[in-house]
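For reference, the chains in residue letters:
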Amino acid sequence: MSALHINEIQKYFGALLVLDGVSLDIAQSEVVAVIGRSGSGKSTMLRCINGLEKIQAGSIEVAGHRIGPQGGDLRSLRKEVGMVFQSYNLFPHLTVLENVTLAPKVVKGVGREEAEAIAHDVLRRVGLAEKSGAYSDELSGGQQQRVAIARSLAMQPKVMLFDEVTSALDPELTGEVLKTMEELADAGMTMVLVTHEMGFARQVADRTVFMHKGKVWEQGPSEELFSYPQTPELRNFIAPNLK
Amino acid sequence: MAYQMNFAPVMALAPQLFEGAFNTLILSGQSIVAGIAIGVVGAVGRTEGPRWLDRAIGAYVELFRNTPLLVQLFLIFFGLPYIGLRLSANAAAIIAVALNLGAYSTEILRAGLQAIPRTQIEAGLALGMSRLQVVRYVVIVPALRIIYPALTGQLTLTLLGSSIASAISATELTAAGARIESTTFRSLETFLCVAVIYIAMTFTFRFIYWLIGLLLFRRKAPPKPSLIADISEISRVGV
Amino acid sequence: MIRSFGWESVEFLIRGAGWTLLLSFMTFVIGGCFALIFALLRTLGPKPVRLAIAGFIQLVQATPLLIIVFLSFYGLSFVGLHFPPMVGAGLSLAVYTTVFLGDIWRGCIEAIPRQQWEAADALALTRMQQLRYVILPQAFKISLGPTVGFMVQIVKNTSVVALIGFVELTRAGQLLNNMTFQPFHVFLTVAAIYFAICYPMSFLSERLKGNRHVRPAH
Ligand SMILES: Nc1ncnc2c1ncn2[C@@H]1O[C@H](COP(=O)(O)OP(=O)(O)OP(=O)(O)O)[C@@H](O)[C@H]1O
Ligand SMILES: [Mg+2]
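Protein chains in written order, with my numbering: chain E, 1 to 243; chain G, 244 to 482; chain W, 483 to 700.
For the record, the hints were derived by calculation from the structure and aren't laboratory data. Computed from a predicted structure; not experimentally measured. Even glycine gets a Cβ: it sits at the ideal position worked out from N, Cα and C. Hints may be right or wrong, so weigh each one.
[What the hints assert, rightly or not] Incomplete in silico selection of chain E near chain W, CB under 7 Å:
no., residue
1, K79
2, S87
3, F91
4, L102
5, V106
6, V107
[As the list claims (entries may be wrong)] Distance condition first, Cα-Cα at most 30 Å in a straight line; then the derived DSS-like pairs of lysine-lysine:
no., chain 1, residue 1, chain 2, residue 2
7, E, K215, E, K158
8, E, K213, W, K529
9, E, K108, E, K54
10, E, K54, E, K215
11, E, K54, E, K213
12, E, K158, E, K131
13, E, K131, E, K108
14, E, K131, W, K623
15, E, K108, W, K623
16, E, K54, W, K529
17, W, K529, W, K623
18, E, K105, E, K179
[Claimed, not checked] Chain E is faced by these chain W residues, among others (derived, beta-carbon under 10 Å):
no., residue
19, V569
20, Q597
21, A606
22, Q611
Build the full structure now, drawing on both the sequences and the hints.
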């Protein structure tokens, strides 16, 4: 039983075909890294999975919720799918605690006390229990990104999507975020992460998917894929990273 | 319906409306020239002048921005004779509108001057440009580009605001409309026609401003630092 | 009957100022409600609605307030409705306010980065919840300065309805002038009262514009 099932999706921006029949099956607790050149459609795929972009063909299924070209029950789907963005996108007018409790309260109708209990729990998991009263502009980038992860976690999603969540961070801050993600992976979260951190993909992801020209060009167990790339495109792509 | 629209009596007096529109253009044209002149002097005085001058101009700006144009007009037209200065309705209208615009344009132009960093001027001089060239290429055009939306918006408001001059029977479009209304008793029709003429004038001027902007700034549209800055610019105009 | 300018006259003007304030307040409340609807529909509404609203705004913004006052004054009686001047006055001022404030507030909503919508969307908030909890609170804070600034315009704009006979501050000044024949004193006092109302708001507006932090001060 797969946690996330992507079937032959196509996505156009105007006349530009950005996703050209992408299919992926992701198992429960599996961690999948998505790599590929800029413009290959990685972000677009994640955004489609979460219904932020409409697809023109194919279907996406998460926890029994299905969306297709006609749309579908996006809200139910999003309750099961958390998403973390490159630019954190915390709500600047809310405290850390309010950022984290907002969705449980208004989307799930969880009471205030329970929502705060959940919030404290997830904030502890990302190592920011003591920051609950702060505003986003009082936090470092790495802290903001961990709050964003906590905010997403508080909805108790079945799948979490990460789009280059360390790309906007100073190098010395990426470590804390990667560590948080690794802990999530160890705890059994199903994760899809777009990343440029090849080392991290190789080490943490069970499987790595290489996207090229809007297609899943090559995929396999991470270790294998990085050690024995089959296609010249992938070989070209990872060559500079190997040294 | 109790009342039927009938534009014929108004149309018969259309020449009066066009004359009124022409007078509105003359009146606001004169006010705009004078008002912008005041604005330039005011803005430069506030940024370059001594502290007392900045204070004095600031007081003028606040006095005129925080009282209605209509009251300014009454004070000038009815009040000044009391201290021995009797003005015709048209002269009073031009002065009132010009002083009002002067206050707003002082602040708009000042915002433009302040938007040009000193380092830009120094860079221009360092490149061997003359002072005049620096003013022309490094100060005026970039500053104008920044404030162009606010400035042209202000000019539109001034054109429309000149309708207030009808309150002292200056000869302009709204007054012409009021006169026609009182002879034809076709109130709604008259003021609909007047509205259409104002709208036509406004749109024509917007088009002209757009063309001038195109010529002045050539290539690109004025840069938008941020929408938020835009909003506070919009709220800087008024009558 | 007041015969010469004195304390009694000032009292008379202050009563007029009371009406100015009341009319301004009504205008702001009514115009503000419609402005909010306009701003929301113009950013989020279906395309035909957006275009219709944009067109309406363009037309009203190209017409003098005085003409709008006349049009609603005579327009109401044209459709057979005979209201006291207060209603015509309030209506036209409200229309004018709706159009300008609607534009300002739309700008504030659009100034909130698209990513804020997306983040709320990804958390499964409905469109209304996104607006209510994420977008509007931020837009509200940005809008404070410009909104208070526009309130100054509203107060000043109410003077125009003096010309259809509504007795607010400016009209009170005209009446007083007809009684005392001391225009200089009268209109200077009128101007001073307007200034006393408007200047604090202008000052506050500039303060609020300077303080663009989205999060609450603490
Ligand atoms: N909103 C949009 N409108 C039009 N074209 C878009 C839009 N978003 C993305 N694209 C195009 O779709 C293609 C894929 O973009 P996408 O952001 O998915 O790439 P990516 O693999 O995430 O790249 P990167 O590594 O730079 O993030 C690109 O050609 C991009 O220009
Ligand atoms: Mg991307």
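Each hint, compared with the structure:
1. K79: holds (5 Å)
2. S87: This hint holds: S87 of chain E lies near chain W, its Cβ roughly 6 Å from the closest one there, short of 7 Å.
3. F91: holds (6 Å)
4. L102: holds (6 Å)
5. V106: holds (5 Å)
6. V107: holds (5 Å)
7. E:K215 - E:K158: holds (25 Å)
8. E:K213 - W:K529: Not OK: K213 of chain E and K529 of chain W at ~34 Å, beyond 30 Å, violated.
9. E:K108 - E:K54: Status holds; Cα separation ~24 Å.
10. E:K54 - E:K215: Holds: K54 of chain E and K215 of chain E sit about 17 Å apart, inside 30 Å.
11. E:K54 - E:K213: holds (19 Å)
12. E:K158 - E:K131: holds (26 Å)
13. E:K131 - E:K108: Distance of about 24 Å is within 30 Å: holds.
14. E:K131 - W:K623: holds (24 Å)
15. E:K108 - W:K623: With a Cα-Cα distance of about 27 Å, the restraint between K108 of chain E and K623 of chain W holds, given a limit of 30 Å.
16. E:K54 - W:K529: holds (19 Å)
17. W:K529 - W:K623: Holds, because 27 Å separates the two Cα atoms, which is no more than 30 Å.
18. E:K105 - E:K179: Distance of about 28 Å is within 30 Å: holds.
19. V569: violated (39 Å)
20. Q597: holds (5 Å)
21. A606: Cβ of A606 of chain W sits 4 Å from chain E, so the hint holds.
22. Q611: holds (5 Å)
Going down the numbered hints, you'll see the structure goes against 8, 19, while the others check out.
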